[in-house]
Amino acid sequence: MSAPIKETAAIPDQRSVDKRPARAGERRGEGVVLNAFSHGFLAVWALLIVLPLLWLVLSSFKTDAQIAGSAFGWPGNWSFDVFTRAWEKGIGDYFLNTVIVLAFSVPLTMLFGSMAAYVLARYEFWGNRLLYYFFVAGAMFPVFLALVPLFFMVKRLDMLNTYQGLILVYVAYSMPFTVFFMHAFFRTLPTAVFEASILDGASHTRTFFQVMLPMAKPGLISVGIFNTLGQWNQFILPTVLMQPQSGDDPERYVLTQGLIQLQQQQGYATDLPVLFAGVTIAMIPMLVVYLSFQRQVQAGLTSATLK
Amino acid sequence: MRKGQYRFVAGFLLVPVALYLIFVIWPYIQTFGYSLTDWKGQSQTFSFVGLDNYTALFQDDVFMDAIWHNILFLVFIPVITILLALFFAFMLNAGGRSRAGGVTGVAGSKFYKIIYFFPQVLSLAIMAVLFGAVYRSDSGGMLNGFLVKLGLVDANDPVEWLNEPNMVLWALILVVVWHGVGFYLVLFSAAMQSIPKDIYEAALIDGAGRAQSFFRITLPLLWDSVQTAWVYLGIVAMDMFILVSTMTTPGGEFGGGPDHASEVMSTVMMRNFLIYGKSGYACAMGVVMLLLTLILSVVMLRATRRERVEF
Numbered sequence: 001m002s003a004p005i006k007e008t009a010a011i012p013d014q015r016s017v018d019k020r021p022a023r024a025g026e027r028r029g030e031g032v033v034l035n036a037f038s039h040g041f042l043a044v045w046a047l048l049i050v051l052p053l054l055w056l057v058l059s060s061f062k063t064d065a066q067i068a069g070s071a072f073g074w075p076g077n078w079s080f081d082v083f084t085r086a087w088e089k090g091i092g093d094y095f096l097n098t099v100i101v102l103a104f105s106v107p108l109t110m111l112f113g114s115m116a117a118y119v120l121a122r123y124e125f126w127g128n129r130l131l132y133y134f135f136v137a138g139a140m141f142p143v144f145l146a147l148v149p150l151f152f153m154v155k156r157l158d159m160l161n162t163y164q165g166l167i168l169v170y171v172a173y174s175m176p177f178t179v180f181f182m183h184a185f186f187r188t189l190p191t192a193v194f195e196a197s198i199l200d201g202a203s204h205t206r207t208f209f210q211v212m213l214p215m216a217k218p219g220l221i222s223v224g225i226f227n228t229l230g231q232w233n234q235f236i237l238p239t240v241l242m243q244p245q246s247g248d249d250p251e252r253y254v255l256t257q258g259l260i261q262l263q264q265q266q267g268y269a270t271d272l273p274v275l276f277a278g279v280t281i282a283m284i285p286m287l288v289v290y291l292s293f294q295r296q297v298q299a300g301l302t303s304a305t306l307k
Numbered sequence: 001m002r003k004g005q006y007r008f009v010a011g012f013l014l015v016p017v018a019l020y021l022i023f024v025i026w027p028y029i030q031t032f033g034y035s036l037t038d039w040k041g042q043s044q045t046f047s048f049v050g051l052d053n054y055t056a057l058f059q060d061d062v063f064m065d066a067i068w069h070n071i072l073f074l075v076f077i078p079v080i081t082i083l084l085a086l087f088f089a090f091m092l093n094a095g096g097r098s099r100a101g102g103v104t105g106v107a108g109s110k111f112y113k114i115i116y117f118f119p120q121v122l123s124l125a126i127m128a129v130l131f132g133a134v135y136r137s138d139s140g141g142m143l144n145g146f147l148v149k150l151g152l153v154d155a156n157d158p159v160e161w162l163n164e165p166n167m168v169l170w171a172l173i174l175v176v177v178w179h180g181v182g183f184y185l186v187l188f189s190a191a192m193q194s195i196p197k198d199i200y201e202a203a204l205i206d207g208a209g210r211a212q213s214f215f216r217i218t219l220p221l222l223w224d225s226v227q228t229a230w231v232y233l234g235i236v237a238m239d240m241f242i243l244v245s246t247m248t249t250p251g252g253e254f255g256g257g258p259d260h261a262s263e264v265m266s267t268v269m270m271r272n273f274l275i276y277g278k279s280g281y282a283c284a285m286g287v288v289m290l291l292l293t294l295i296l297s298v299v300m301l302r303a304t305r306r307e308r309v310e311f
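Read top to bottom, the protein sequences are chains A and B. Letter by letter, the first sequence follows residues 1 to 307 in the numbering used here. Letter by letter, the second sequence follows residues 1 to 311 in the numbering used here.
Everything labelled a hint here was simulated from the structure, so no lab data went into it. Errors might be hidden in some of the hints.
As the list claims (entries may be wrong) - To be clear about the criterion: a stretch of chain A counts as covered by chain B if any three or more of its residues have a C-beta under 8 Å from a C-beta of chain B, and this derived list gives those stretches:
1. 40-48
2. 90-100
3. 143-151
4. 171-177
5. 287-300
Glycine is no exception: its CB is placed at the ideal position from the N, C-alpha and C atoms.
One chain only, chain A, in its complex shape (with noise of 0.2 Å):
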């Protein structure tokens, strides 16, 4: 019964399957029935992911009547007319606002993340274990259990629609994984470079600015990676906190918060292309960001769950 195995070994090569030995055959025919079988199954599923994507992109080139006509129909608009109105519609600031929020949060998020995981990683002093519970258990909770004190914390400290407040919050958040995660990546650093630089006279923060922080590098990209989408695709924080208080307050919505606006505003006047465009256009920087990263992305978000 050793020839299967033998076989792994010696054709690695699909396209010397026919110069297999016959008693290979039944189980290569099963082989080759299950292969058929996966692809098809394998490309299905595919479809069903990229069709209803593609569908939408191609429905911002519909006009209003085309939409709800029949959903097969060819768009017949094919100008980029659309995407300039949706951008104009709010799209743009949302999209602005967005970018200014997560240019400060994501930074501060990492920064104070690693700090604190850090110190309670590679320092002993009374309270270090009951600070570390303290920190990752908050990642048990739901968020839904501090929304109403929050909002009302926010509003005293008068931060209710500002970028300030948001970044905040948002930091706040991340906090129990981050400092989960990079916590256990910091133990796993060796302690002789951490020795060699404090022997050599280098402050403690300077050793971790300049020696820890970048031999964490893997560590801050998975985790970078995880809160820059958790924080972008972020919706029911800023539904809380990001509502104008008063007339003459301006709208600083968020991008996820404007297309949901925009939604909700299509049962008043109905211009879905515009909708469809905003969408697209909220679309192709994740798309951007997840080709060229792709592998990453898919380690950080997955080994992320994992730890």
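Based on these hints, arrange chain B on the given structure of chain A.
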């Protein structure tokens, strides 16, 4: 030196701990306190009402229905997503035109993974708009348009995916599954690849077929990942706020229609808080959501506990 070290530790912890205390821990604690009051949010005064909010809650039909809907999500979202993800992960990793009992991946498995994973990086807000269009209740909707083309549905009487009380929850489940399968597929697939090949070869020598090697080897060794997936999908099922509040017809503000048929705990809570201004009552709902989440985690971890296999 020693003193300097403590100063350093304290300095590094100060800002993160302060932020975390102010915006996360303190509100969590306050929720319990507020849930025992009749606080209306706008007024500064409120009085202690004991467990009144909780008794009211259990007589609130809308909220009780919402709990059942969450439980339905809790059962079906993880089961369907995990089964599909396992199936596709197995196809990707073992469906290849291979010899030794299914250890070779199909050609192009990398390409498939790129496509499958993509929905995961899109926000649920995008899902809401996309599937809002897919589920449109005329032939302009992708599903209805397709069914009309096939002649399965009359163009004048299309399916109201989101307006049929006994269809809307399934329509929502489909969105979550569509969004999530790729992620768990990649997760399972990575775990499958870390299983040493000689285990399969040994099983093959002993005469195990593909099915047997899947159920006897792959699945037990994947159990940790399956458990993780279950917990994460459970969290998703307990939330569901964005999809319900934006895709379903408003039974009030924040969706939940038709006639509260798709209401979940989070939408009822947000409505009571932001629209009705019943802050104390909403806090009580938050506490119930926490309790259910904790019960869920304990039950899940107990029910799925297996002997751990090291390899």
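Outcome of the hint check:
Under a criterion of three residues with beta carbons nearer than 8 Å to beta carbons of chain B, the stated coverage of the segment 40-48 of chain A is upheld, 5 such residues being counted. Figure legend: the segment 90-100 of chain A, annotated as covered by chain B; annotation inconsistent (0 residues with Cβ-Cβ distances under 8 Å, at least 3 required). Check result for the segment 143-151 of chain A against chain B: holds, 8 residues qualifying (beta carbon to beta carbon below 8 Å, three or more required). Only residues whose C-beta sits within less than 8 Å of a C-beta in chain B count toward coverage, and the segment 171-177 of chain A has 5 of them, enough to reach three; the restraint holds.
Look at the segment 287-300 of chain A against chain B: 7 of its residues bring a Cβ nearer than 8 Å to a Cβ of that chain, three or more, so the hint holds.
The structure fails hint 2 only (numbered hints given earlier).
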